[in-house]
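Engineer: Residues per chain, in single letters:
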Amino acid sequence: MKGMLAPIRKLKLTQILRTPHAVGVFGVYIGFIILLIISYIISPASRTLQDFINLLKQSSGLGMLAIGQTMVIMTGGIDLCLGSIVTLVHVLTIGLMNGDPSRILGVCLLGLAVGSLAGLFNGLGITKARIAPFVMTLCTDFILRGLYMIYTKGQPKGILAESFRNLGRYRIFGMVPLSVLFWIVLSALFIFILKKTVFGNRVHMIGANAVCSTLSGVKNDRIIIAVYTLAGLLAAFTSIVLTMDMSAVSLNLGADYSMDSISAAVVGGTMFAGGIGGVEGTVAGALIIRLITSLLQKANIANWGKLLIQSVLILSVVAANSRKKRT
Amino acid sequence: MKPSADTIKTFVRDLRNPKRHSSKIIWVLLVVLLIPIIIVIPEFVRPANIANVLIQMAPLGMVAIGQTYVILGGGIDLSVGSQISLISLIASTLMTDSPLNIIAVAALCLVCGVLFGALNGFILKLFPMPPIIVTLCTGYFFQGIAFALHKTSGGYIPVALKQVLTANSGFFSVPFGLYVLLFAIFAYVLYRTRFGRYVYALGGNADVLEKSGIRIDRIKIKTYMVSGLLCAIVGIYLAARLRSGSARYGDEYTLLSITATVVGGTSMAGGLGGLTGTFAGTILISMLTNVLNNIAFRYNLQSTYYKDIITGILLISAMYFYRNRK
Amino acid sequence: MLLEVKDIVKRFYGVTVLNKVNLGFAGGEVHALVGENGAGKSTLMKIIGGIYHADEGSVLVDKTAVKISNALDAAKLGISIVHQEYNLVPDMTVLENVMLGKEMTGRLKAIDKESSKAYVEEIARKDGIKVNLDKYAGDLSSAEAKVAEILRACTNSMRLLILDEPTAALDDDDVASLFSLIRNLKARNIGVIYISHRLDEVFHICDKVSVLKDGKHVGTWETGAIDRDFLVKAMVGREITAVFPPRPTTKREGTKKILCIEHLSDASHFQNVSLHVGQSEILGIGGMSGHGQRELLRALFGAGKITSGTISIEGKPVVVKHPADALKYGMAFLSDDRRNEGLAQTQSVERNIAYPSLNRYHRNGMVRTKVQHALVGDLIDRLGIKLASERQIVQNLSGGNQQRVVLAKWLPLNPRILLLDEPTLGVDVGAKVEIYKILRDLVSQGISIIMVTSDMLELLNISDRIIVFYEGSVSAEYPGEVATEEIIMAAASGKPMAIGGMV
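Residue numbers (the numbering used here), protein chains in the order written: chain F, -5 to 321; chain H, 263 to 588; chain A, 739 to 1241.
Rather than coming from a laboratory, the hints here were simulated on the basis of the structure.
Don't take each hint at face value.
Unchecked claim - Examples of chain H residues toward chain A, derived with CB under 10 Å:
| hint | residue |
| --- | --- |
| 1 | A429 |
| 2 | G432 |
| 3 | T455 |
| 4 | V470 |
| 5 | G533 |
We treat Cβ as the ideally placed atom computed from N, Cα and C, and that holds for glycine.
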């Protein structure tokens, strides 16, 4: 009996690559490498290890935040308030810490709680009040923006404790910043969670077919609430890690993160249709987005070039997927 | 005409049953809200203030007309804010003092607006993507172009245009008059013409509409074109009022226009609701903004921050209230 | 010939649904199209209506080949279809629905409601159609909705009207008025294609009848020249014994009741339903579709709201509010909509199969991959699911294989009660045989099955006991061995016959 079953069980690389998602992820990494080579051709000066580590460092914040966005999109939703969570937690962290090292832990925990609460609010609105995810998160975005503007009165204040800033300056082996380490660890963790846990299986199935999931006896609402809460938590964590590296407080810190994270997830092969995607692609997606940003910065057209390129990029990826689905 | 006991009865019944005529509840809400407002802030009902509210509601009202068309047709337009900003910049970049130029540029802006809407519609026609994604992206795209035109606010708008577009004599003002005119036209189109029927059918059951021999893609594209046209008008108006253009002028209008539409009883799923509800929704938002400004002034607060929060909460509450409709 | 189809072939996911079908329909003639479920009638009509596209063959109107690529093309050729499913804009009035796409306009392009109404009323009066034009379509009963759709077809300059199961949701009076309407149309030289399961109606109203079986055209006869038995044989006429496994010979007397329902009602679909299923028993629920069977099954599984009544399992009353509760009590459910509800099409076979039982073999929330692999491999083997790899996406499997995957989902939970809704819908004959074998096998292991089906042969040959639904209530109950098609049909139209003291 066993011998007969063997051919079914074995999984060859060609078979793995036969799933569209795996091909997509493979393609994203190839795309990143090509883009990297192009950037090296354009500016030969950047062909250093230090420059590459800088790219990793710049991508790390987006990479961590986009993990949450990836999960949200995989359930068939979208989160438009992650950027505001970043800014809110950022101004709270700096404002409340105000140079006092004894407050670091408390302030960080508070920040994480605030992010999770915002995510929980989204999750509850989407499941219990049945509000469309983009409306719900857009509203939350406005509410959070109002909150941090009221808190700062438009002029954020506060300074970081020196020991907290030292964390941002710390380099593992004298090279790798902490944020990159966090990014790697979190990405690995969530790749594992999405692939190998009951929770991850449910995220996939709810995104692919929510009715089927319910009819299989799963309480979808709980998973969806958990996903949005996690996204909020990750955004808050990202904000704290980004804050370590800031010399001054900024109300614009989170401005681009909602869209950047959507770009990173979608470019990384996560589909709006739900159920297909993963953090493994988002990692490359975040690298690509940040590499493009840095190229545009070098050309001095970052502020508008980024908007144009990202919007066209998302649209073409989604359009290509939608075409594929049709045939 | 005196309302008979019967019409009152149906009115009350429809209120309780928020299925088809849900736009009525918003009128009741308006009246209910007005009473405490008048008690707390008697200045609110001063003619000068009312006239002010009417001027304030004009741009939002116009954008919301377009948004209502799109949402009724089962779509959503998240790019309205960026369209307005971009138009304001196109106008302020190209305008000079010559009257001929003003007219030509204004006409160009209107054409651009229609084209922006058509772009949204065509992308949706070519690729079966969710309209949120498409309009979110085109919104970023338009804003990108706007930033490319001008990093901050800038450009030039002749003072004459400002004088014309913001003229008001006591109760009658050009912006509100323009709004009423546009509202009348688009309400007529929506409620009385074939196109209006098709917009409802598109959102209600597009399949049936297609089987009835209507090119649903064309109807869909047209709803986005309506939205684009109205954004262009608002873009010109805002540019004239502030005598400059900016990539951020339109920002707030995306969420506000959706809120006005949804609070007014138009279903996010499409096919249900209408412009009269949106009219009431627009009044509600403008009324709250005015009151908020008043309170903020008294206590020396920044009203815009609170406005964001209130808009968000308002939209969430409206969606919650209507959640069982479809 | 008004309309002809030549050598039409249509395949879905590798299953041939229509195989070289040739048929002709004339004006002024009511032509019945009959056959079992899945014989290909609706598919053929959808090809004529431009909703599906034939893989091979051609459609001819007035002897010239035409290309019908959408409903609009069909309408232009004078072909109107009244589909089985609801086809109105719910938030528009009947008048607006009827006139959709051909509104009359007056001054300033305004819609002229008065003349539209007069026009539609005139047509309605002429054809004897009674419907309130000012009512919203969403508020119509299913009979009224059907009438509104026919009215809409009548307002088109129509030459051929296709009615797909028009009487499924109609009562006798409605049917009578529909028939007089059909006679009117016939007198106006309009051709009518009449698809129905109700053979009495076919003989009553139709001039000709064509039979489709397994996607093939069996024959066309004048209704006056044949009788009912002849028609049934033409429709069925296959070796039934080869398809259906034999019933177990041992008597199941005195088996204990596993699931008992008492006076169960929901808001609108079924009322006061009481029934039970015993251990190792297959309870078949028959009746016309849309009479509440489907909703009852869903409500039992916690996917629909129950307003009153009780459910008890092995004598203990239970409350089922969510499918998760149903799972706890050992229930499993196969949806009739496999594509949209039964399976996540974009996910792998393994993930789909393992999904409901994920809770059973995890370690701290982590899936025990090896256990899952062994389990899934075993199930694939046991149910004979044919695939290249268990990582394969469900989408690419044939209907029969998909249905086996759905069954496989539930087996690791060792369910005591299987709720099946149309278990062999869209499955080819070979796979049907397999699925029936699996069901028998499960029953012999002590599982109880409640099966809702509109497939008459399946109902008669698989069920140990049969319950027939009519308008949301149990109309009759028969032992599986004695029931016949006539008996079931009578009960399904609300006039159950008594046989051997049983009703």
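Engineer: Of the numbered hints stated earlier in the document, which are not met by this structure?
Structural biologist: Numbers 1, 2, in rising order.
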